[in-house]
Each structure stands twice: as C-alpha cells, then as structure tokens.
Amino acid sequence: MNINFLAGILILALTGAFLPVINRIFRISGVLGAIISSVGYILAGFLILLSGDGKKLLSSFFVTDSVTQLIGMLILVASWMTMLVVYWITQRDKFINELVAALLISTAGALLLISSTNFVSLIIAMELMTMPTYLMVLFSFDDKSMEAGVKYFFNGALAIGTMLFGVSLLYAITGSFDFEILARELFKDPLVTLAAIFILAGFGFKLTAFPFHFWGPDIYDGTCPGVAALLTGISKSAAFIALMRVVYEALPAISSNLTFIFALLAAITMTVGNLLALAQKRVSRILAYSSVAHAGYTLIAFAALAVPVSVTGILYHSVAYVFMKTAAFLCFAVFLYLWGARTMDDYKGLGKREPLLAALFLIFLLSLAGVPPMAGFISKVFVFTSAVNAGMTWLALVGLLNSAFSVAYYIWIAKQMYLEEPTIEKPLNNPSDKNFILIPLAVMAVFLIVLGIWINPVVNASAAFISKIGF
Numbered sequence: 001m002n003i004n005f006l007a008g009i010l011i012l013a014l015t016g017a018f019l020p021v022i023n024r025i026f027r028i029s030g031v032l033g034a035i036i037s038s039v040g041y042i043l044a045g046f047l048i049l050l051s052g053d054g055k056k057l058l059s060s061f062f063v064t065d066s067v068t069q070l071i072g073m074l075i076l077v078a079s080w081m082t083m084l085v086v087y088w089i090t091q092r093d094k095f096i097n098e099l100v101a102a103l104l105i106s107t108a109g110a111l112l113l114i115s116s117t118n119f120v121s122l123i124i125a126m127e128l129m130t131m132p133t134y135l136m137v138l139f140s141f142d143d144k145s146m147e148a149g150v151k152y153f154f155n156g157a158l159a160i161g162t163m164l165f166g167v168s169l170l171y172a173i174t175g176s177f178d179f180e181i182l183a184r185e186l187f188k189d190p191l192v193t194l195a196a197i198f199i200l201a202g203f204g205f206k207l208t209a210f211p212f213h214f215w216g217p218d219i220y221d222g223t224c225p226g227v228a229a230l231l232t233g234i235s236k237s238a239a240f241i242a243l244m245r246v247v248y249e250a251l252p253a254i255s256s257n258l259t260f261i262f263a264l265l266a267a268i269t270m271t272v273g274n275l276l277a278l279a280q281k282r283v284s285r286i287l288a289y290s291s292v293a294h295a296g297y298t299l300i301a302f303a304a305l306a307v308p309v310s311v312t313g314i315l316y317h318s319v320a321y322v323f324m325k326t327a328a329f330l331c332f333a334v335f336l337y338l339w340g341a342r343t344m345d346d347y348k349g350l351g352k353r354e355p356l357l358a359a360l361f362l363i364f365l366l367s368l369a370g371v372p373p374m375a376g377f378i379s380k381v382f383v384f385t386s387a388v389n390a391g392m393t394w395l396a397l398v399g400l401l402n403s404a405f406s407v408a409y410y411i412w413i414a415k416q417m418y419l420e421e422p423t424i425e426k427p428l429n430n431p432s433d434k435n436f437i438l439i440p441l442a443v444m445a446v447f448l449i450v451l452g453i454w455i456n457p458v459v460n461a462s463a464a465f466i467s468k469i470g471f
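Here the sequence shown is numbered in our numbering, starting from 1 and rising by one per residue.
Bear in mind the hints are in silico, worked out from the structure with no lab data behind them.
Don't take each hint at face value.
Straight-line Cα separation of at most 20 Å, EDC-like style, residue types lysine to aspartate or glutamate; simulated pairs [what the hints assert, rightly or not]:
(1) Lys151 - Asp218
(2) Lys415 - Glu425
(3) Lys352 - Glu425
(4) Lys434 - Asp345
(5) Lys468 - Glu185
(6) Lys426 - Asp346
(7) Lys415 - Asp345
(8) Lys415 - Asp346
(9) Lys426 - Asp345
(10) Lys56 - Asp178
(11) Lys352 - Glu249
(12) Lys281 - Asp346
(13) Lys281 - Glu180
(14) Lys144 - Asp65
(15) Lys56 - Glu249
(16) Lys468 - Glu127
(17) Lys56 - Glu180
(18) Lys468 - Asp178
(19) Lys144 - Asp218
(20) Lys281 - Asp433
(21) Lys151 - Glu180
(22) Lys468 - Glu249
(23) Lys281 - Glu185
(24) Lys468 - Glu180
(25) Lys281 - Asp178
Computed spacing ranges between beta-carbons, pair by pair [said to hold, decoys possible]:
(26) Ala17 - Asp142: 25 to 35 Å
(27) Met131 - Arg24: 14 to 24 Å
(28) Ile25 - Leu419: 46 to 56 Å
(29) Met73 - Asn429: 32 to 42 Å
(30) Lys56 - Asn430: 32 to 42 Å
(31) Gln91 - Val388: 45 to 55 Å
(32) Phe26 - Ala306: 24 to 34 Å
Even for Gly, the Cβ is constructed at its ideal location relative to N, Cα and C.
Taking the hints into account, I'd like the entire structure generated from these sequences.
Dropping the structure here:
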C-alpha cells in the first residue's frame, strides 16, 4: 500500500499540532514559526507528488488519483501562501502560532476530504477540516467575531446533521458506506433520492448555496479576513471535489433525478449572490456574496453531470476558485491592515497609495469576473459548455448573464482604487517589510494566469477521472 499521501497529510497535521507546543517551550518568533510551518508544507507537498495514481488507501477509505494530486497540491500552495500573509499581518499577536496551527490542521482535513471514497472517512475529514476553523473564526475576540463564531457553529452543526441523516438512509438500504459498493447496489428509488437530497443539503451549507447561504456572508464579514480566505477559498474548493466524488462515484444510479435540483439551485444561487453583492458597501461583504454566486456557477456543471465535460467544468472552477477567492480576501486583509480600508469609500485612491498591491487585487477581481486570459475565464467556459452539451442552454444563458452582471461590482472596486481621489490620508500601519507580503500574492496571481493559458494539467486530470468512472 502506498502511504505517501497519508504520510504527507500526517506531517502537515503534526506540524500544526506541535507548533503551539514548540512556541510554549521556546517562545519562537513569528518568522521562525513561519519557517517551521513552511517546512511542513514542503514535506507534505513532496510526499503527495510521490503518492502515485489510482492507489486505494486504508481499505478503500481514501484514494490517490490525478484529481487528488492536482487539487491537493494547489490547496497546499494556497494554504501556504495564506499562512505567510496571516503570519505577516498578525505576527505580534500572542496567539498567532495557535491560529496557524489551526490552519495547518484544517488544510490536512481538506486534503483528506478530496481523497475520501467512503462516507465514514468523508465525514471525519470534513469535521477535521471544519473544527479548527471554529477557533479561527473567533480569533479577533470582538463582538463581530463572536457573532460569526456562533453562526458558524450552528451552520456546521446543520451541515453535518443533515448529511448524516442522508448517509444513514443509504446505509439502511445497502449496509455500506463505501462509494464503490453504493454505486453497484443503489437503484432508482424515492428513498435513495431523499437520502441524496439530505446529503446535498449538507454540502449546501458548506458551499453557501441557496437557500443555505443565509449566514455565510455574516461569517465571512465577521471573522478576520485571513480566516475568511480559508473558509471561502480552500475549504469550499475541497467541498466541491468531495461533492463531485459523491455524485459521480457513489450516486450515479440516481444522477438523472438530481439534474433539475442542481439546475434550479445553480440558477437561484448565482442570481441571489450577484444581486446581493451589488447592494453591499463593505468590500468583505461584496466578496462574500460573490462567493455565493460562484457556488452557483459550479452547480451548473453538476446539473450537466450527464456529459463528460461537466467533470472538467467542476475541476477547473475548483482549481481557479481556490486561488482567486483566497487571494482576493488576502488582498482585502492587507489593505485593512495597512490602511484600515473596509468600505468602498475607503478604497478610493488606494491604487495610487499601493500600486503593486492594487494591481494584484485587480488581477484576482478580473479572474473572479471571468476575464481572459485568467483561469476564471477558462473555468466558466467549461462550465457553460457543459450546460449547453447537456441540452440546458437556458442555464448556460442564465450563467452568462450573471457573469456579465457580476462585472459591475468588480469594476466598481477597481474604479474606486484607480479613478477616485484618496480619502484616507495616513496609513494605519506602515511596516518597512511590507513589500514582502506581495510575494505570496504574486505567486497566486501567476498560478491564475498560467492556468488560464496552460489548460493541460486540469484537462488531463479530468480525462483520467472521466475514464475511471466509465463515462
């Protein structure tokens, strides 16, 4: 049995577990903590690259395939860059090492989640990904973060509760939690469809899809932006891949029953997300409702699950999303730290104050809007193509109209940065090493541009997955 993949995840989790202990004993600095964490990320990435393709682990609880390796490496990179930004912004906080430890453990859970092929391992992985973030949401220790923490706790409880009920129904029918056995044993039956609906509802809370989105923006706005970057980017991308495995590997027998549900959720989710985003004045809430809209775009590909290109659409949008949404929230975090900028009025003239940071933020906004040659553009091409190929041209048109509509609020942010005069006279913080923080953001910008031009890695990974599930 090839255990490189699990060994990499274990190293990442142990790095997170021992980081606060090392800090308690040796009182390490923020720089040393970042170095120790970086070593954990590098070792984990190296082992994941060596994990091989098509390997089943721990009696088929997990699998390493092309999707696991690709998404796993990109999640690692995005989490690593997030860690560097979070360390830089909050390095003077006495609990910074505990915050980063939670980030490392949550990332380990995300890696387990994308490789789960059994509902037992999937739920354990989802909880491992989620439980550290309960503490992270409360990190600011103010009234807004406390409110966000309470809402996030109940959101997580509803998610896992509804999912467990659906899984218990499937177990009652088949006597198994294994995806491969479920795919063989399940048949078209009202009880199976009901179980699938409860499982999808559980994922709906994680993805902030309509009508399960109601607390999502409050949570993302109430917590510190670095944590919001993890919740909206890394965790949601992992949840997309987990849902893809459930739908294609465990529930193919009832896929036709789910098409209309996915299509309806996609149309409403992206429309509600974009309309509410346009009505916001705080940049964090604009990005939060944009996250709701992007859940809708991905659900378009799930609605088209009868055609092979839907896999490419899901995979490509997850790949693009993990960088563009994570990085957008990190840019907001840096602007907030340097200038105290929260509202649209605060962003006036920041393109002149921080030209390099504003340029990177613009790249991420353009990718979210789906402007070529960004990865966000290619991902939407595959998503909308899947809908057309599945005979749902109407859904592709709804998605296209929503995508065009979303440009308004992304351009609105750019207009404030570049075409308005500054309203904030003096920076809130002006550290001498502030150019350092541009490096992790630039790394993610490069990934978005490269993946918008070089599509082979994602297309090849999706082709291997399509072949595996027998399309």
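Comparing the hints with the structure gives:
Restraint check for Lys151 and Asp218: the C-alpha separation of about 8 Å stays at or below 20 Å, so the hint holds. Between Lys415 and Glu425 the CA atoms are separated by roughly 19 Å; this keeps the pair inside 20 Å, and the hint holds. The hinted pair formed by Lys352 and Glu425 meets the criterion: a straight-line CA distance of about 12 Å does not exceed 20 Å. Proposed proximity of Lys434 and Asp345 is contradicted: the alpha carbons are some 23 Å apart, above 20 Å.
Restraint check for Lys468 and Glu185: satisfied, since their Cα atoms lie roughly 18 Å apart, inside the 20 Å limit. For a cut-off of 20 Å, the pair hint linking Lys426 to Asp346 stands: about 12 Å separates their Cα positions. This hinted pair checks out: Lys415 and Asp345 have alpha carbons roughly 11 Å apart, not beyond 20 Å. Among the hinted pairs, Lys415 with Asp346 is consistent with the structure: their alpha-carbon atoms are about 12 Å apart, no more than 20 Å.
For the hint linking Lys426 to Asp345, the alpha-carbon distance of about 15 Å falls within 20 Å, and the restraint holds. Pair hint Lys56 plus Asp178 holds up; C-alpha atoms about 12 Å apart against a cutoff of 20 Å. Only pairs whose Cα atoms come within 20 Å are accepted, and Lys352 paired with Glu249 is rejected, the gap being roughly 50 Å. Using a Cα cut-off of 20 Å, the hinted pair Lys281 and Asp346 holds, with the two alpha carbons roughly 10 Å apart.
Distance restraint check for Lys281 and Glu180: the Cα-Cα separation of roughly 48 Å exceeds the 20 Å cut-off, and the hinted pair is therefore not satisfied. In summary, the hint linking Lys144 to Asp65 is not supported, as the alpha carbons are separated by about 41 Å, beyond the 20 Å threshold. For a cut-off of 20 Å, the pair hint linking Lys56 to Glu249 stands: about 14 Å separates their Cα positions. Our distance criterion of 20 Å between C-alpha atoms is broken by Lys468 and Glu127, whose separation comes to about 28 Å.
Under the criterion of a C-alpha separation no larger than 20 Å, the hint pairing Lys56 with Glu180 is consistent with the structure, at around 12 Å. For a cut-off of 20 Å, the pair hint linking Lys468 to Asp178 stands: about 16 Å separates their Cα positions. With a C-alpha separation of about 9 Å, the suggested pair Lys144 and Asp218 falls inside the 20 Å cut-off, and the hint holds. In summary, the hint linking Lys281 to Asp433 is not supported, as the alpha carbons are separated by about 30 Å, beyond the 20 Å threshold.
Pair hint Lys151 plus Glu180 does not hold up; C-alpha atoms about 35 Å apart against a cutoff of 20 Å. A threshold of 20 Å between alpha carbons decides the hint, and for Lys468 with Glu249 the separation of about 9 Å falls inside it, so the pair holds. Of the supplied pair hints, the one linking Lys281 and Glu185 is violated, its CA atoms being roughly 51 Å apart against a limit of 20 Å. Distance restraint check for Lys468 and Glu180: the Cα-Cα separation of roughly 12 Å lies within the 20 Å cut-off, and the hinted pair is therefore satisfied.
About 46 Å separates the Cα atoms of Lys281 and Asp178, which puts this hinted pair outside 20 Å; it is violated. Taking the beta carbon of each, Ala17 and Asp142 are about 27 Å apart, inside 25 to 35 Å as hinted. Distance hint check for Met131 and Arg24: the Cβ-Cβ separation is about 21 Å, which falls inside the suggested range of 14 to 24 Å. For the hinted restraint 46 to 56 Å between Ile25 and Leu419, the CB-CB distance of approximately 53 Å keeps it satisfied.
At about 33 Å, the beta-carbon gap between Met73 and Asn429 stays in the expected band of 32 to 42 Å. Judged by the Cβ atoms, the range 32 to 42 Å given for Lys56 and Asn430 is violated: they are separated by roughly 53 Å. Range check, Gln91 to Val388: about 49 Å between beta-carbon atoms, so the 45 to 55 Å window is met. Separation of Phe26 from Ala306 is about 57 Å and departs from the stated range, judged on CB atoms against 24 to 34 Å.
In this structure, the hints that do not hold are numbers 4, 11, 13, 14, 16, 20, 21, 23, 25, 30, 32, in rising order.
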